[in-house]
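Enquirer: These are the residues of each chain, in order.
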Amino acid sequence: MMNMLALLPACLLVLGACETAPEGTVALHEPESPFIAFNIWVKAGSQNDPAGKEGVAALTAALLSDGSTTEDSYDVILEKLYPMAAGYGYNIDKEMTVFTGRIHRDNLDAYYELFRNHLIAPAFKEEDFERVKAQRMNFLERTRRYARDEELSKELLFSMAYAGTPYEHPEEGYVRSVESITLDDVKDFYSQYYVRNSILVGIGGGYPAGFLTRVREDFNTLPEGEVPVVPAPQPRMPEGIEVLIVEKPTDATPISIGFPTDLLRGDPDFYGMMAMNSWFGEHRNSFSNLYQVIRESRGMNYGDYSYIEAFPMGYTTQQPRVNCSRRHQLFEIWIRPISMTAPGNLHDRTLFATRAALRELKAIVDDGMTEETLASTQQFLRNYTINWGSTIARRLAYAVDDAFYGIGGDGFLASIGPGLAALSLDGVNQAISTYLQYDNMYIVFITRDAEALKQKLLDGVPTPITYAGEKSAEHMAEDELIAGFPIPVTEESFTIIGINEVFEEGPQ
Amino acid sequence: MRVLIRLAVALALATPALAQQQEGIFPFDYRLVELENGFKAYLIKTGAPNQIAYVSMVRTGSRDEWEPGRSGFAHFFEHMMFRGTDKYPNYDAITTEFGAARNAFTGNDLTVYYLVASNEYLEQIMDLESDRFMNLNYSEPDFRTEAGAVLGEYQQSATTPFGFLFEKLRETAYDRHTYRHTTIGFEADVRAMPEGYDYSLSFHQRYYRPENVVLVLAGDFDFDVAEGLVEQYYSGWEPGYVPPQIPGEPQQRAPRRRVVEYQGRTLPVLTVNYKGPAWSASDRLAVATEVLGQVAFGSNSDIYKKLVIEERRVQFLNGDFDLPRDPGLLSVAAMVINPDDVGVVEAEIQSTVERFSEELVDEKLFNDTKSNMKYGFLMGLETAQNVAFSMIQYVINTGGIEAVNEYYSALDSVTREDVREAARRYLVENGKTVVTMVQAEGE
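Line by line, the protein sequences are chains F and D.
Just add 1188 to the spot in the first sequence (first one is 1) and you have our numbering.
Just add 14 to the spot in the second sequence (first one is 1) and you have our numbering.
Bear in mind the hints are in silico, worked out from the structure with no lab data behind them.
Treat the hints loosely; a few may be bogus.
[Unchecked claim] Covered stretches of chain D (chain F as the covering partner; in silico rule of three or more C-beta atoms under 8 angstroms from a C-beta of chain F):
hint : stretch
1    : 242-249
2    : 261-272
[To be verified] Here are the simulated lysine-lysine pairs, DSBU-like style, with alpha carbons at most 30 angstroms apart:
hint : chain 1 : residue 1 : chain 2 : residue 2
3    : D       : Lys378    : F       : Lys1268
4    : D       : Lys320    : F       : Lys1375
5    : D       : Lys319    : F       : Lys1268
6    : F       : Lys1321   : F       : Lys1375
Idealized CB from N, CA, C, for every residue including glycine.
So here's chain D without its partners, still in its complex pose (with noise of 0.2 angstroms):
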C-alpha cells in the first residue's frame, strides 16, 4: 500500500510571520510518500534553485545504546556507513564527482546523514544512499582502522572542560537509562571498539531498518519524479526493526551532589540539573518547560542580567531545556568567575526555581519569549539544508514533520499558568543533581 499524503501550505515566507499561525507556521509545499514496508520520504520543495538536500534521519543514538559495554557504538557505527557497498564499493570517489557537501552527526536520539547537492545528481544520490542503508557492507580490517579515528575524536573532545564534565554529569543524574553515557561513550568502550566486528552487523540489521529512517529531501525537484525514484529505491528494503531495550529510569527519591576535579585551568562551572518530561507536541505542560527555560534562564531572565551584566559573577548562564526523545535533564550551567562565589550562584538559581514554582511569569517576557521561539525556527529556513535540518527534531521525536504545526499551535496555547505549573511539576528537591567542576588542586 503506498499512501500519499498533500498537506500544501504554500504560504510565502514573505508574509507576516506570526500571521502564519492560523494555517500552521511550516511555509513549504510538501509530500509525504509512505511506503509498505514503513519507509516515509518528505519531499519538501524549498526554492533553491538547482540545488537539494537529501537528508536521512535514523531513529537511533547513543539512547540505543542499551547493551553493556557497547556506549559510542551508534557514532562508531555512523564513520562505518561511508566504508561502501559491493555495488558500490567506493562511496568517497562516488560523492567525489557529485560535487557533494556531504557529512553525518550522530546525537542521544539520532544519526542524521546528509548530502547537499546539485539536482541533476538526485537519481544517482537515491540509489547511492539507498543502497548504502539496506546493503552496507565492510571487512573486518576496514572496521578494525576506523575505530582508531573515533579514539582521536575521543581524545580531542572528552579531554575539554566541557566533554569531562557532561560525562560525569550523566553518570552521576543517570542510574539505569543509556542517557547515562554520553554520545562518544565511555573510553574502556571506545578502546574495545575495534572486536565489535560482528556486534556491527547486528546493529546495522536491527535499526538500520525502512521503518526506523526517515528521508527528507527539501530544495528544487518535481513532485512526481522524486515520488517514483522513492518507490523504485527504497521498496525493496526489508522490514525488521528490532526496538532497543532501554532500561527505564527509576524515580529519583533524594537530590544528588558531586564536585569533579578537572585536571587542567578551568574556572568553576555549576550545573544544576532536574528530572524533566520527555518531548512532545501535543503535551501542553512539556512545551510549556521548555518556554520556562528560556524565561527563567535565558538571555533574557531576571537572572542573566543580574549574574552576568549587572554583578558580573558568571562568565555565562545558560538554561537547556530542550527535551528529548524519553525523559531528559533540565539543566542549568553556569561558570563562576571567583570560586568563592559557587554558593552564592547556586542560591540564586534556587530561588529563581522557587519564584518561578510561586509566581506567574512577567507577562511581557512571556509573550517576547513565544516570539523568539518562532522567529528563531523561521530564521532557520534559509537554504535547503536548513529546511530539511530544522525538521529533524520532529522527525526524531515523532516519526515524521506533521509535528511541526501541532508544536507551535500548542506553544500558542500554552498559559503562563502552565509554565508555573512545569516549574511545580519538574524543578523539585527529590529530582535534582548538582555537578560543580573545579580545577584540580595543582593546576
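Next up, chain F with everything else stripped away, as it sits in the complex (with noise of 0.2 angstroms):
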C-alpha cells in the first residue's frame, strides 16, 4: 500500500522525476511497483441511451471486454490472458463508462497491447454480440429480480427519484429496451461516444519512460467526434411520502429510503456533510448510528447505512465505489433486508425498522451533531479514509473522478484530512439544515402482500416488535416511541406493482 498523500503531489508537481503527462491523461507515476492500473473514461453512461434503447451504453461496454477485435478472436484473447493471470472490466454508471485494467510489470507489454485492441479496435461480431447479450437478457429478467433483493431496493429508489430525466432508468436497462437492441445500434453508439476527445487515459503504478505518451497516442487513433451534451438532471422533491412496494414471495423486506439533494463531491459543504453521514450511517460500519439502532440494539437485520454519494453494488463492497461520479445526488438510507422472526410479523418488523431510521433522520435534522460526535467523527474518518486509496487502481479511479468534478490541487482523497480537520459544529450543523429534511421522502420496500403493508401503513397503527430476550425498561420505552412514529400516507402515496413487473420497460 503506497502512501496516497505522499505519492500523489510528488508525481504531479515534481515534474522532473517523472514524465510529463500530455492532455487527456491521468498520471499517478509509482516507479517502485511491480503493477500497472489503467483507467480509461469514456465520457458517456446510460443517461446517454436513446429512448427505447436504454442499456445500449452498458451492452457496448459488455461486448468490448468480452469480444473479438480486429486482431484476435475473443478465445485468443482469453488464451493471452489466461497465462498473465490478468483481465479487464469496465464500470458502466450514469455518466461515466470506465474500462479497467491492473497487470504486473513482468506482462506489460503482451497485457496492454490487448487491452489497447478491445478499446480501440473491437471487431464487433455477431456471435459475441448474441453471447453477450444473452448474458444481459438473463440478468435482466431473472438475476436482477431474484437474486438481489437488497440491491433492487437502491436500483428502484433511484428509478422513482429521477423519474422524468436521463437517470431513470437502470444502467443495465430495461427487458424490452434491451431486447429490442441490434448491433447496428452497439456500433452507432461506439462511433458516437468513442471518440478520442471524449475520452480520458488514467495510467497509474511501475510503468516505464514513454509508456504513457505511448498510449495517449494510440487512443488519439480514435476519429474526433461531437458529443451531444446531455442537461444535468432536476429530479422532482417528492410530495409528502410517495411509497413503491414490489410484490414478491420473500420472507425478508430490504427497504430504501431517499430523496434528492444539491450536493455534489467538490462543495464546501460536502466535508460537513461526509462527517454528518459517517456519524449517520457510514456505509458497513457498526458505529454509526443508524446501524447501533436497528442492528446492534434490537437485532433485526445485516446493517443499516445512510450515503451522500451513489453507491451502486453496496453488498458487494465495504470501500466506497469509484467511477460513480454524477452531476446530481440523493440523500439516501438503506436497511438490508428485515427478516421476519414468526410467521405474520414482517410487515410490522419492516414498518418498525422504516419508523427507527425516519426517527433518527428526524432527530439529527432537528438537534444536529453535538461537539462530541463532531470530534469522534472527524478522529474516525481522519484514519478510515486512508484506506480508500489502498490500492494504485482505487488511487487512479480517485484522480479520474476529480477530472469528473473538477477538483484540482492535490485531489479529494488528499483534501479529506484537511477539509474535516477545518470543520466547526455551526458549520455542520448549518450544512445537516441544508441538505437534509424529513417531510418528503421516496420508500420503497419489496415484501410479501404488497396490499396488507399498504392498508397497515394507511391505518396509521403502531408496528410493535417483540424480542427473544429481555430488553431494559428504557430500551422498551424507546420502543414504543419508534412503534408509532407517524408516516403520514394517502391511498395517492402509494404505488404496487409485481416483482415480474419490475424494469420490464420504460415509462409508456
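Both chains are given apart, each in its own frame, so use the hints to dock them into the complex.
Expert: Structure representation (C-alpha cells):
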C-alpha cells in the first residue's frame, strides 16, 4: 500500500521526476510498484442511451470487454490473458463508462496490446454480440429480480427519484429495451461516443518511461467527434411520503429511503456532510447511528447505512465505490432485508425499522451533531479514509473522478484530512439543515402481501416488535416511540407492482 | 520456550516473478514468533508505509459444527466476537477511534478477523484483539439479539438461486461429514440459535485457544517491537483446544442424481461433482487436482470455448477444484440457456472427464496454467491486507505460512502425467453427484 498523500503531489508537481502528463491523461507514476493499473474514462454513460434503447451504453461496454478485436478472436484473447492471470473490466454508471485493467510489470507489453485493442479495435462480431446480449437478458429477466433484492430496492429508489430525467433507467436498461437492441445500435453508440476528444486515459503504478505518451497516442488514433451534451437531471422532490411496494414472495424485506439533494463532491459543504453521514450511517460500519439502533440494539437485520453519493453494489464491497461520479445525487438510507422471525410479523418489523430510520433522521435534522459526536467522527474519518486509496487502481480511479468533478490541487483523497479538520460544529449543523429534511421522502419496499403492508401504513397503527430475550425498561420505552412514529400517507401515496414487472419496460 | 525463526527471502517484487522460484515465491521478509502456549504469530513486512493489517485466523469454521442442530454456529459466533469484554465493553467505539477498517468472515474451515489501521495503534490493537480472544464476555440478551441479525443474513442469502442450490447440493453429496451443511447453516438451526447461549460459551472455550489461532501481521512495523508485544499480550492465553469430532465421510459407492426446484425464476444450473482429496502442499497429486480443474474446466479450456463461446449453450461454465482442509468436492457448474440442452451439456462434461483420464493435457495449456496460478498469487500481493489474506489458505490448512513456498515448488514439479492420474483417481463414476436446479413450475 503506497502512501497516497505522499505520492500523488510528488508526481504531479515534481515534473522532473516523472514523465510530463500529455493532455487527456491522468498519471500516477509509482516507479517502485510491480503493478500497472489502467483507468480509461469514456465520457458517456447510461444517460446517453437513446429512448427505447435503454441499456445500449452498458451493452456496448460489455461487448468490448467480452468480445473479439480485429486482431484476435475472443477465444484467442482469453488464451493470451490466461498465463498472465489477468483480465479487464468495465464500470458503467449514469455519466461514465470506465474500462479498468491491472497487470504485473513482467507482462506489461503483451497485456497492453490486448487492452488497447479491445477499446480501439473492436471487431463487433455478431456471435459475440449474441452471447453478451443473452447473458444480459438473463440478468434482466431473472438475476436482477431473484438474486439480489437488497440491490434492487436501491435501484428502484433511484429510478423513482429520477423519473422523467436521463438518470431514470437502470444502467443495464429494461427487459424490452435491451431486447430491441441490435448490433448496429451498439456500433452507432460506439462511433458516436468512443471518440478521442471524449476519452481520458488514466495510468498508474510502475510503468516505464514514455509509456504514458505511447498510450495516449494510441487512443488518439480514434476519430474526433461531436458528443451531444445531456443536461444535468433536475429530479422532482417527493410530495410528502411516496411509497413503491414490490410484491414478491419473500420472508425478508429490503427497504430504501431517499430524496434528491443539491450536494456534490467538491462543494464546500461536502466535508461537513461527510462527517454527518459517517456518524449517521457510514457504509458497512457498526458504530454509526442507524446501525446501532436497528442492528446492534435490536438485531433486526444485517446492516443499516446512509449515503450522500450513489453507492451501487454496496453489498459486494466495504470500500466506497469509485467511478460513479454524477452531476446530481440523492440522500439515501439503505436498510438491508428485515427478517421475519415468526409467521405474520414481517410487516410490523418492516415498518418498525422504517420508523426507526425516519425517527433518527428527524433527530439529526432537528438536533444536529454535538461537539462530541463531531470530534469522534473527525477522528474516525481521518484514519479510515486512508484505506480508500489502498491500491494503485483505487488511487487512479479517484484521480479520474477528480477530473470529472473538476477537483484540482492534490485531489479529493488528499483534501479529506484538511477538509475535516477545518469543520466547525455550526458549519456542519448549518449544512445539515440545508441539505436534509424529513417531510418528503421516497420509500421502496420489496415484500410479500403488498396490499396488507399498504393498509397497515394507511391505518397508521403502531407496529411494535418482540424480542427473544429481555430488554431494559428504557429500551422498551424507546420502542414504543419508534413503533408509533408517524408516516403520513394517503391512498395516492402508493404504487404497487409485481416482481416480474420490475424494469420490464420504460415509462410509456 | 520461545522459538524464533527468521526465514528471510527478501526479494524485491520487481524481479521477474518466475525467476524467484529457486528461492521461493514469497517475496517478503517475515518472522515467526511461537509462544509456549502454542500461539503463532507471523510478522510480515510488506512496505506499506504506516499501515498494518492485523489478521487473526481461527482454524475453525462450519466444518467444526459436528453436534446435531448446530449448523451455522461458527458464523454466528463470529458475530458475538464483536460484543466486547469486561476490560473493553464497547469494541465498536474503540476501533472507531483508530479509524480501522475491520470485519470478519466465516467459511467451511475458517473464521477470520481483521483490522487495517495506522501502525501508530499497533499496541492498542494487540491489546484489544488478544483481550477479546481470551476474555470475550457477552450477556444472554445480547446473544439473543444478535441471533436476529443472523436470521436476516440467512434470509437474504439462502433464498437466492445459488444459496438454495448449494444447500441442496451439499445435502445430496455428503452423508456424514460436516461439509454436508453450508456455512450459513440450515434454517431450523438458525432459528433455534437464540437458545444456544450456554453452547456458545463452550464453543469459545473449546475452539478459541492459542493452539488454534494464528496471527498474521502484515505491513510497516518494527520486528522486535512487534515480537515483544506478541509475547506481552498473548503469553497469558491458556491452551485447551478440544478438537471437534468430525465424522468421516464413508466412501461413496454409486453415482447420485437429484433435480431441485427453485421457487422463483432461474435458468437451469447443472452441477457435476466428484469427491476429491484434502488440500496439501506436499502431495503432488492434490496439487495436480487443482491444476486439473483449471485445464479441464477453466476459462481457457476446450469445453469453455465450445459451450460458452462457440455454441453459446451455457451462460457460464466454472470448475471449482480448490481443495478444502478435509476431502471436499470437485465441482463443475454450468448455467444452461435452453433447458432442453441440459443433457447435451452434461454429456460434454462427461466426455471432458473421460478425455482427461485417457489423454495427457496439451503442453502449452499445462504450462500456461502453472503460470496463471503463480501470477494469480503474485497479483494478489499489492496491499498489506491482501498479503495477509493471501496467507489464509496456508494457515488454515497447515497452521503456518511456510507451506506457501512448498506449494509452489510442488506446483513446479507437477507433470502432465500427474494431472491425468488425478483425473483417473478422482473423477470416477462412483464418486459422482449430479444436482440440477430448475425453475419450479408456475414461476
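Enquirer: Please write out, lowest number first, the hints stated earlier that are contradicted by the structure.
Expert: Of the numbered hints given earlier, those the structure breaks are 1 and 2, listed in rising order.
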